[in-house]
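Trainee: Since the structure of chain A is provided, determine the placement of chain B on it from the hints.
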Amino acid sequence: QKEVEQDPGPLSVPEGAIVSLNCTYSNSAFQYFMWYRQYSRKGPELLMYTYSSGNKEDGRFTAQVDKSSKYISLFIRDSQPSDSATYLCAPRRNTDKLIFGTGTRLQVFP
Amino acid sequence: SQTIHQWPATLVQPVGSPLSLECTVEGTSNPNLYWYRQAAGRGLQLLFYSVGIGQISSEVPQNLSASRPQDRQFILSSKKLLLSDSGFYLCAWNGGTYEQYFGPGTRLTVT
Numbered sequence: 001q002k003e004v005e006q007d008p009g010p011l012s013v014p015e016g017a018i019v020s021l022n023c024t025y026s027n028s029a030f031q032y033f034m035w036y037r038q039y040s041r042k043g044p045e046l047l048m049y050t051y052s053s054g055n056k057e058d059g060r061f062t063a064q065v066d067k068s069s070k071y072i073s074l075f076i077r078d079s080q081p082s083d084s085a086t087y088l089c090a091p092r093r094n095t096d097k098l099i100f101g102t103g104t105r106l107q108v109f110p
Numbered sequence: 001s002q003t004i005h006q007w008p009a010t011l012v013q014p015v016g017s018p019l020s021l022e023c024t025v026e027g028t029s030n031p032n033l034y035w036y037r038q039a040a041g042r043g044l045q046l047l048f049y050s051v052g053i054g055q056i057s058s059e060v061p062q063n064l065s066a067s068r069p070q071d072r073q074f075i076l077s078s079k080k081l082l083l084s085d086s087g088f089y090l091c092a093w094n095g096g097t098y099e100q101y102f103g104p105g106t107r108l109t110v111t
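Going line by line, the protein sequences match chains A and B. Each residue of the first sequence is one higher than the one before, starting from 1 at the first, in this note's numbering. Each residue of the second sequence is one higher than the one before, starting from 1 at the first, in this note's numbering.
Note that these hints are calculated values from the structure, not bench results. Just so you know, even glycine gets a beta-carbon here, dropped at the ideal spot from N, CA and C. Treat the hints with caution; some may be incorrect.
Label pairs and their calculated CB-CB ranges [what the hints assert, rightly or not]:
{"id": "1", "chain 1": "A", "residue 1": "D66", "chain 2": "B", "residue 2": "S17", "range": "47 to 57 Å"}
{"id": "2", "chain 1": "B", "residue 1": "P104", "chain 2": "A", "residue 2": "P10", "range": "16 to 26 Å"}
{"id": "3", "chain 1": "A", "residue 1": "Y51", "chain 2": "B", "residue 2": "N32", "range": "18 to 28 Å"}
{"id": "4", "chain 1": "B", "residue 1": "T3", "chain 2": "A", "residue 2": "R77", "range": "44 to 54 Å"}
{"id": "5", "chain 1": "B", "residue 1": "E22", "chain 2": "A", "residue 2": "E15", "range": "38 to 48 Å"}
{"id": "6", "chain 1": "B", "residue 1": "S17", "chain 2": "A", "residue 2": "K42", "range": "34 to 44 Å"}
{"id": "7", "chain 1": "B", "residue 1": "S84", "chain 2": "A", "residue 2": "E5", "range": "30 to 40 Å"}
{"id": "8", "chain 1": "B", "residue 1": "N32", "chain 2": "A", "residue 2": "S53", "range": "34 to 44 Å"}
{"id": "9", "chain 1": "A", "residue 1": "S69", "chain 2": "B", "residue 2": "I53", "range": "21 to 31 Å"}
{"id": "10", "chain 1": "B", "residue 1": "S57", "chain 2": "A", "residue 2": "Q80", "range": "35 to 45 Å"}
{"id": "11", "chain 1": "B", "residue 1": "H5", "chain 2": "A", "residue 2": "Q80", "range": "21 to 31 Å"}
List time: in silico SDA-like cross-link candidates among lysine to any residue, alpha-carbon distance up to 25 Å [to be verified]:
{"id": "12", "chain 1": "A", "residue 1": "K42", "chain 2": "B", "residue 2": "G54"}
{"id": "13", "chain 1": "A", "residue 1": "K42", "chain 2": "B", "residue 2": "T109"}
{"id": "14", "chain 1": "B", "residue 1": "K80", "chain 2": "B", "residue 2": "E99"}
{"id": "15", "chain 1": "A", "residue 1": "K2", "chain 2": "B", "residue 2": "K80"}
{"id": "16", "chain 1": "A", "residue 1": "K42", "chain 2": "B", "residue 2": "D85"}
{"id": "17", "chain 1": "A", "residue 1": "K2", "chain 2": "A", "residue 2": "R92"}
One side of the interface only, derived from the structure: several residues of chain B facing chain A at Cβ under 7 Å [to be verified]:
{"id": "18", "residue": "V60"}
{"id": "19", "residue": "D71"}
{"id": "20", "residue": "G95"}
If we strip away everything but chain A, and leave its shape as in the complex, we get (with noise of 0.2 Å):
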């Protein structure tokens, strides 16, 4: 069983949609997880990170932590065609490793 795991999509949304993107993992040893994005042909940047379980909020973008089903979850409130890209998880435990999902492709048409 893989660490973590992201449906692949791609995953495509009128524009204005809630976009709902989401990852499972198997450590319980994991406490902080991330979510990049990626444009094409670019490196990952950071969108935000929650420790534990929760919620955290930043703009349009939500994102969700069940430790206890080990499931994440990131929201996208009115998306753009600009948040078209991958996303990517990356739990990690209380050391400097990440350990990435595959990312789920989002496309968003106007």
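Mentor: Same frame as chain A, but now just chain B:
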């Protein structure tokens, strides 16, 4: 502010040729540095990380090597490239916090 540079941006090399990719970080000192590879349709694979000059940890056995000759410089090398070495190589750093920040990447095609 901190900036991370990688070069070259793209590279096409024949099988069996040597490789040298460079990463430098500006605006910080004593960063932790990382090399990742992203193959088409696959996730990021951690190759090497370094917590200081001359200190390299390898995550995956392969024909690649890494060196850190200066505090903010990280180099990825190979003596003889294989076709399977093709991919998108990313350098990342963090400064003791939980976030990692990535460079723009080098796209390597081995022919």
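Trainee: Each hint should be assessed against the structure and marked as holding or not.
Mentor: Against the structure, the hints come out as follows:
1. A:D66 - B:S17: 47 to 57 Å: 48 Å, holds
2. B:P104 - A:P10: 16 to 26 Å: 23 Å, holds
3. A:Y51 - B:N32: 18 to 28 Å: 19 Å, holds
4. B:T3 - A:R77: 44 to 54 Å: 31 Å, violated
5. B:E22 - A:E15: 38 to 48 Å: Holds: the Cβ-Cβ distance is about 40 Å, inside 38 to 48 Å.
6. B:S17 - A:K42: 34 to 44 Å: 26 Å, violated
7. B:S84 - A:E5: 30 to 40 Å: 24 Å, violated
8. B:N32 - A:S53: 34 to 44 Å: 27 Å, violated
9. A:S69 - B:I53: 21 to 31 Å: 43 Å, violated
10. B:S57 - A:Q80: 35 to 45 Å: 40 Å, holds
11. B:H5 - A:Q80: 21 to 31 Å: Because 29 Å falls inside the window, the suggested range holds.
12. A:K42 - B:G54: 28 Å, violated
13. A:K42 - B:T109: Answer holds: K42 of chain A to T109 of chain B is near 16 Å, not above 25 Å.
14. B:K80 - B:E99: 33 Å, violated
15. A:K2 - B:K80: 31 Å, violated
16. A:K42 - B:D85: 19 Å, holds
17. A:K2 - A:R92: 14 Å, holds
18. V60: 12 Å, violated
19. D71: Violated, because the Cβ-Cβ distance from D71 of chain B to chain A comes to roughly 17 Å (cut-off 7 Å).
20. G95: 11 Å, violated
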